Every structure is written in C-alpha cells, then in structure tokens.
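Could you put together the complete structure from these sequences and hints?
Per full-length UniProt numbering, numbering of the sequence shown is gapless, rising by one per residue and ending at 955.
Hints in this document: simulated from the structure, not taken from any laboratory.
Quantities reported herein were computed from a predicted structural model and do not represent experimental measurements.
C-beta atoms are modelled at their ideal positions from N, C-alpha and C, and glycine is treated no differently.
Accuracy of the hints is not assured; some may be wrong.
[What the hints assert, rightly or not] Cβ-Cβ distance ranges computed for the label pairs, FRET-style: (1) 412 / 256: 42 to 50 angstroms; (2) 428 / 125: 56 to 64 angstroms; (3) 860 / 123: 55 to 63 angstroms; (4) 747 / 574: 32 to 40 angstroms; (5) 534 / 570: 19 to 27 angstroms; (6) 719 / 548: 41 to 49 angstroms; (7) 428 / 912: 15 to 23 angstroms; (8) 909 / 833: 17 to 25 angstroms; (9) 901 / 591: 17 to 25 angstroms; (10) 763 / 901: 45 to 53 angstroms; (11) 417 / 610: 24 to 32 angstroms; (12) 340 / 747: 37 to 45 angstroms; (13) 667 / 591: 26 to 34 angstroms.
[To be verified] Distance condition first, Cα-Cα at most 30 angstroms in a straight line; then the derived BS3-like pairs of lysine-lysine: (14) 166 / 126; (15) 428 / 403; (16) 751 / 694; (17) 114 / 81; (18) 797 / 693; (19) 164 / 114; (20) 312 / 343; (21) 343 / 126; (22) 312 / 551; (23) 842 / 922; (24) 926 / 514; (25) 312 / 439; (26) 664 / 750; (27) 477 / 578.
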Amino acid sequence: MGRHPLSLVMVVLAIMLLPYGYTWKEYRIRRSIDLSAANPLISDQKLPTDLVPSGYSLHLHPVLDRSIFSGRVNITLLCAKATNQINLHAHHDLTVDELELEVVRIGGAEGGTKVPIRRVDRVPKKPLLVIYFHDALTAGAAYEVRLRFVGNIWENVEGIFEGKYKQQQQQSTGPSEPAGTESEGVTEPEEHSFIGTYFRPHHARRVFPCFDEPSYKVPFNVSIVRPRTHHVLFNTALERTVETGDGKHVIDVFKQTAPMSTFTFGFLVSDLQQVTPSLSDEKEDERLKPTIRVWARRDFQKNVADVQQRVKLALRKLQEYWGVPLPLEKLDVVALPGFSYVKPADNWGLIVFKESELMRGYYNLAQELVYQWLGSWITPHWWSDAHVNKAIAGFLSADTAIKIDGGDEFEGKYPMTILYSIYYEFSKRYPHSRITAMKQETTCSKTELVLRMLNYTLGEATFRRGLQRFIQHREYKTFYGEDVWEALTKQAHLDQRLCESVTVNDVVNSWITKDRIPMVRVVRSYANRTATVTQRLYLRERPHDVPEQDKMLWWIPLVVVRQDRLSFGNVSTIRWMKQVREVTLDELPGPDEFIIVNPEEIGPFPVNYDERNWNLLATFLQKEESRTLIPVYTRAKLLHDAWNLAYAGDLSFGTAFNMTLFMKYERNHLVWNPVFTLIDHIGRHIDMSAVHKKFEMYVRTLLTPLYEELVGNQQESEEMWKANLRSLAKNFLCRAGYKPCIEEAQRAFKKWMDSPDPDAGNPVANQFICPVFKWGTREEWEFGLQRVINFPESRVKSERTYLLKTLAGCPSQPFKIDRLLNIMVLEDNGNFTDNDISLIFKMLSGGSSGYSTLFNFLKNNWDAIKLRFKDRESLWDNMINSATGLFTTQEGYDMVSQLYVQHQGEFGTAEHIIEKSLKNIKEETKWSDENLPVIEQWLDHFLASNGVADQKFLG
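Laid out in structure tokens, this is it:
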C-alpha cells in the first residue's frame, strides 16, 4: 500500500517523538552480502570515491500503529580527495530534514568545527542526496554528517515492511506448564504485528541516507525504539536497554557490528517466541559458536522444533569445508508468518525465512549459512560479481545437503533439473527472449554447473583447498569474481592438477561469457582405435543461423569411460580441448566396445557419437545384467543427449529411438524424467502428421508396464518420487488414449454431472478433467462449458480459469473447439472477457487440433471476425499468431500461404506476424520432410514387433 511522502511538518513532529528525555549525544560513536537477487546490470552509477565512510551511528524509531519511522544517523567519513560535495544514497520515499543537517570536522585542531553548507539537493529521478559546501573539504581529514529523517513502513517487502498474523490467545498456565503445551486454554485468535527489513539488493537507502554499495563495509552502532510488548532481533546481540520515560516504549542498544555492507543490515521487531531448545542442545550451545536461536509464533513452534539441530549440523559441515568458524557471537533464525518475499532476508547474524521454507530439508538452511560466510563476512565488490557469489552458494548448499542426507530433498535430481533447463535455454536462437532477469538466473545456474565441473576435474580436495585459499585474509573485505578463479588456479598448480600454462580463469571465461553451450561430437576410427573429437555451438531451435557461431570455442574437459575398463570411480580428465575445434583420442577399445564421453554430466554439454557407438550403447543398456553397471545419471544423460540431438537434427531419429528400448526395464525416476519432456516436445512437433497416432501407440507401449507396476506396488508410506513418477506416467498415458485412464476420469466426472447443484463447487480432481474433455463425449464437454458460463461470483476465480483452459486446450475433436470459438468470438457472449479470449487463443496453440481448428475458423469467418476485432488489435494479433504460427508441414505452409495471398493487405497490425509465421513454417517443413519418414519407419518396426492391438488402448 503506497503513501505520499511526508511533509516537513510531519518530519519535525515525528522527530520530536524520539528524545524521551535524553540527548542525541548518547548515540554518538566514538568510533555479506547475498547478491542472489541483485541484478548484475543494476543501473546505479557508483558514488564518487572522494569520500569514504568509516562508520554509522544510527537510531531508529518505528511507529507501528502509524506505519512510519523516524531516525537519526551520524556517518563518519574520511576525505580521500578534496571535494566540495558529499553524495549519499537516499530514496525519494525518505524525507530528510535539511534544516537540521550538519557536517562537522572531527579530530585534529579543527575538531568540532561545523562546515558551512551552501545547499542541499535531491537529484531528480535518482535516489541521491547531495550536500554542497562553500569550500572544499580537506583531503586526509575526517568528517561527520548528521542527519534526521522520516520514512514510510510499507506492506511490500522493500526497506522497512510491516506484517500481521493471528494466533490463539494464551491463557495463564500453571508453573509446571510451559507455554505451548497441549493443556493450555485458547480463546478467539488475536492479531499480532511486526516490522522487519529487507535491504536486498539496495534498499538501505529507503531507511537512512548512506553509502548503499556493497564495497563499503564499516561498523554500525545501532539503537532501536520498540514497544514493551515486543522485542528486537538485530545483526548483533543486545548490549543494554534504556527507558524512554513514557512507560510504553524502551530503546534497545546493540553491540557494535563488525564491518559490513548496508545490504546486510537488518532487524525484526516482533513478539515471536524463541523455540525452546532441549537440555542437550543447551549444553551443546555452550561449546558451539555462534549460539543458534530459532524464533516462531507459538502456534508454529512444533513445526520448527528440529530447525536448531539442522542449522547446527549444516553449520558444522560448512565450517569443515571452509576450514574456519563463522565469526558470529549469535545467529538468529526466524520463521516469519506471512513473509512474502521469494528469498529469505539473509542479514549478518539474522536470517528471516518464510515459515514453509523451514519445514524440511537442509538446502535452504545451508544456502543462507553459506551467505553468512560468502556474502556478509566476505562480500562481492559490485553487483557484476553477484553471479559468482550465488553460484558458489548454490553449489556448496547442494553439496552440504547431499553429504548430510544423501540429497533426499532433491529426490536425486540435482543438478539435472538446472542442467536440462540450461540445455533448452542456451540452445535457442535467442536465449532468455532478451529478458534480463532470466539472463541473470541462467548465468548463475551455468556458473554453478561450471563450479561442479571444476570440482570433478580439479579434484574435490584441490577445489576445496582453493576456495579456502580464496577466503583467507579477506575477513570483512570485498572480492572480485577474478579472485575466486585466481585462488583455484594457484591451488591447482600447487597440487599439480592443472599445468602451469593454464589458468582456471581461462577455463571459466570460455563458459560464463557466452549465452551458449557447446556440443561435442565423437567419431571413432575403429580400425585405428582412435577418435576425432570436435566441438561446436549446440542449437536445438531452427534455423541454425546464429551469427559468429564458428568463432565460439570452449575449454572442454574430456573424461572417457570405456567398456573394456568399465569404471565410473575415476573421472580424471584425459585431455582438455583448449578452445580448439578438434582433438584426437588414442588407444581406445576395440570395435565391439563402446566409449562414453562426459559421464555423469561432469561438464554442461551434450555428446554425440557415430552411429556404431550409439548402437553399442543401446545394446548394452538392453541387457538387464549389464544395464545397471552404468550409473543412473549417465543412463539419463545418454537418453537425454540422443533425443535432443535428434530433435536438433544432429542425429538420426532411428538411433535416438533405439536408445529408448532399454526403458522397458528401467524403473529409476531420474532416467524416466527426461523421457516425459522429450515425449512432449516430439509429440507436439509431429501431432499434425499421420505419424502422430503411431507415436501415441509407442508412448502407450512404453509407459503401460511402468504405470501398471507402480499402481500394483503402491503403498501409503512410499517415497515421494514413486508417487510423482506414477502421476507423470498416468498423465501421459491419458493424453495418449490409455483406456483405463479415460474410464476412471469419466466415472469421477459423472459424479459432478449427477450432483443436484453442479455450480456450487467442483468435486472432480483436476487430473480427471483434461482426459474427459479430450476423449469424452460432447455431453461431458458441454457440461463443462455451462459450468464456466454459470460460474458463481462467490467461487474462487482460478477454478473458472482452469476449466476454461482445459475446455480449449484438451479436446482433440474440432467440433468442441469450434463451438467455443463461436460463442466467444462471433456471438460475443457477455460471459467471456477479452482476457478469456486471449487465454483461449494461447491454449489452442498447444496442439494441432487446436491451432488448425482456429485457423479454419478464421478462414471461414474472416469478415465477421475482422469486424468483431476492429478496435481490439491485441486480440486480432493474438489470433493471427496462434492460428498461423504453429504448423510444421508443407500442407500447413500451403494453407497459411493461401490465406496470406487471399487477404493480403487486410492483416493490419498482424501483417508482420503472418509473414514471420510463413518463414518459421518453411523451416519446420524442412525438419518434417527429413525426420517424419525416419520416425514412421522406426515406429512401424517397433509396433509390429510389440503387437499393439490391445483393448486398453483407444484407437
């Protein structure tokens, strides 16, 4: 909820609340940054370096019932170079009392002298406060800037934010009944309020004028006014509490902080309660530093009872890794109700989580603990190095979680989830769709994968010692990304894991400076027992016309596993491709034995082989006694690489499909996970062709044994991955027309159709709705349509949206889609908004039955639609895009081309859209002409040898 800036009168009134009978002199000073959400392309210009801060003395008075705060800050400065101005960050929401502003010289003969101020400016459209002087400040002298200010407390999580939560009131308990026991009485829920801070990445300027850059790390002396009913958690421990004289408030004065960036400053004013540690924990706390305290609302304490133990365990693992303890006296971990930000508030010594994030696992805890070392204690110098900081935190937190519990919370999927998303994103013609935030996230993910690659290729011991070398002697200092790579290089040279002429910087820069990844191709000469290895840019999306792709080269480690010495324990690099196009591998096994390059996804790149090596692998994997000799990650990689290379046009689909034959015996969910994505990708691409029905038969044949086995062995206390795998298998079988699935969905849907008041609510689970709308009767689909039309205002709107999406996106019969389009577009039914129509167009682009029906509807009703959308250009553009942009065959090209010629000059704002569609279809037609005959030939052979005439399949 926004507020207008406060007037100067309000500033003065608010400041008058502060003194409480004592003077400002009592606050005079004698004298980490987690950048995971910071944008490396932040537009801030750096402040001038003429003046450098050496400390802050800050007093804050949040007024909870008025949603404002007031405060005072003294900033001590050293003048590095003579200047006639001081530049400070101060957000426009922050009102600074310019009349009370003072600048005083401190130290030396002139100590205590006020510096005459010429004027004070707030820079338009920039969060800057500039103080100008008549005379220049003296180089080498120290000064103190004294400011008073007032600001707003916001509901959104930036700067100082406020929140509320409800919990049952606590009645008095007996002396033997501690708070929170089952026997305590409760009454109506009581509302509680809190305020907290979130300064990531540069919101300190919303709270007080400062040097709001990560490179300025100085100590803070802080005092905060609070109601007697609340307490304050801050970066450091409480030193003393001072009475205010009003009987309602006190002032907490905290111990001086270590040097830290404004970014990592934080506090929380609340009445949350400390989770009481067990007796064994208390004894252990005497020996463990920092002291761990966990805070939560009383009603939630049972849910976080084990958090303290989990934090301690993760902390020990990280201390062992870094080789140095975390230099904190205390660490507060808070489960904050209603906390809405995506990332925790990871302040130095104070970490604030969403309640749900503290419920299980070690990854989130470990990540925030890593940021205490590498963020708060040691800080990136500027936002441009944020991706390195986040990547190290991501890698180490995953490593810590896996070492503690085997990575159960990942279900074994780390790092495959981020790896596959990197493969898909960087193989597009235009990665990130030019979205800066997406680019930042993928850059961090790729850097994390490069760190994992270095951990393998340099060796875990060398990698760890390199990171330890990096943090040595950097306590409370800043670093550049280059410093990390330099430390790893020195350690790798010392341990003889990298030749002296090579640096880690060389390797890393070849990866993280490109929004691309390479593909490695291995072509064996079986007679000579050699192989030619080449690298080039990997592209899935056509056409492959990326500029300067021939100039892109990477440092690629070649790790080779061979069938005659089948061992995945030794992952030493036998050769580096040092940004060269081609190298040769010698002394390979005989012609009847395969090799595997880049096992376990050591490096983030796919590998292609000659057809013979692929077939040797496919044969080996189909043998039950030998398949499990290849680890899970490598089995998944071989399957994933083969299908994606075929999709990109680099491998025959016949060879790629052969690599799926072993899935008949495969039951590991990590190997199955990429299969579902690839079924979806290929299925959507070919679903307009005659081959698609055969492909659906293949899918049913592939998935049915897996699904029926998972159903037959289902247990209440089974692992989560089994339930997820069963759900995925069922979903894809339903889409492919698996008859038992359709019948089950129709039985569930009939209960809704037979209910006396079907508009009161939807009793059908979402998983059943799409199969019914796709394969069910006209009557069932029409029933769903009427539920949307008659949807009551009192019900949750997201339920209507889901129904609308499935009504359009699921049906395979054109008459259902045509009926929906007639109602929404031609009849202009008042029950459907323009947003509804846009949503329908988007859903229809998901499959050929949708976009081909939409195309025919457009062609047959051109004049009426043009008239209807005359003043709704956005809808017109969306319709043309969805109706013409998804065809993949020559037939589709001819249809769109004919429409374009027939109505040339009538497309208006959508002229460029249909022209682009024709270009894309032309490219996709080439793909279809090349691959559909190969796919059909393989499917014919597969279906003939497996016998697909089964009553469980729809036709």
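Tested hints:
{"no.": "1", "hint": "412 / 256: 42 to 50 angstroms", "result": "holds (46 angstroms)"}
{"no.": "2", "hint": "428 / 125: 56 to 64 angstroms", "result": "violated (35 angstroms)"}
{"no.": "3", "hint": "860 / 123: 55 to 63 angstroms", "result": "holds (60 angstroms)"}
{"no.": "4", "hint": "747 / 574: 32 to 40 angstroms", "result": "violated (59 angstroms)"}
{"no.": "5", "hint": "534 / 570: 19 to 27 angstroms", "result": "holds (25 angstroms)"}
{"no.": "6", "hint": "719 / 548: 41 to 49 angstroms", "result": "holds (47 angstroms)"}
{"no.": "7", "hint": "428 / 912: 15 to 23 angstroms", "result": "holds (20 angstroms)"}
{"no.": "8", "hint": "909 / 833: 17 to 25 angstroms", "result": "holds (21 angstroms)"}
{"no.": "9", "hint": "901 / 591: 17 to 25 angstroms", "result": "violated (56 angstroms)"}
{"no.": "10", "hint": "763 / 901: 45 to 53 angstroms", "result": "holds (51 angstroms)"}
{"no.": "11", "hint": "417 / 610: 24 to 32 angstroms", "result": "holds (30 angstroms)"}
{"no.": "12", "hint": "340 / 747: 37 to 45 angstroms", "result": "holds (40 angstroms)"}
{"no.": "13", "hint": "667 / 591: 26 to 34 angstroms", "result": "holds (32 angstroms)"}
{"no.": "14", "hint": "166 / 126", "result": "violated (39 angstroms)"}
{"no.": "15", "hint": "428 / 403", "result": "violated (35 angstroms)"}
{"no.": "16", "hint": "751 / 694", "result": "violated (33 angstroms)"}
{"no.": "17", "hint": "114 / 81", "result": "holds (19 angstroms)"}
{"no.": "18", "hint": "797 / 693", "result": "violated (36 angstroms)"}
{"no.": "19", "hint": "164 / 114", "result": "violated (44 angstroms)"}
{"no.": "20", "hint": "312 / 343", "result": "holds (21 angstroms)"}
{"no.": "21", "hint": "343 / 126", "result": "holds (26 angstroms)"}
{"no.": "22", "hint": "312 / 551", "result": "violated (49 angstroms)"}
{"no.": "23", "hint": "842 / 922", "result": "holds (22 angstroms)"}
{"no.": "24", "hint": "926 / 514", "result": "holds (29 angstroms)"}
{"no.": "25", "hint": "312 / 439", "result": "violated (35 angstroms)"}
{"no.": "26", "hint": "664 / 750", "result": "violated (35 angstroms)"}
{"no.": "27", "hint": "477 / 578", "result": "violated (34 angstroms)"}
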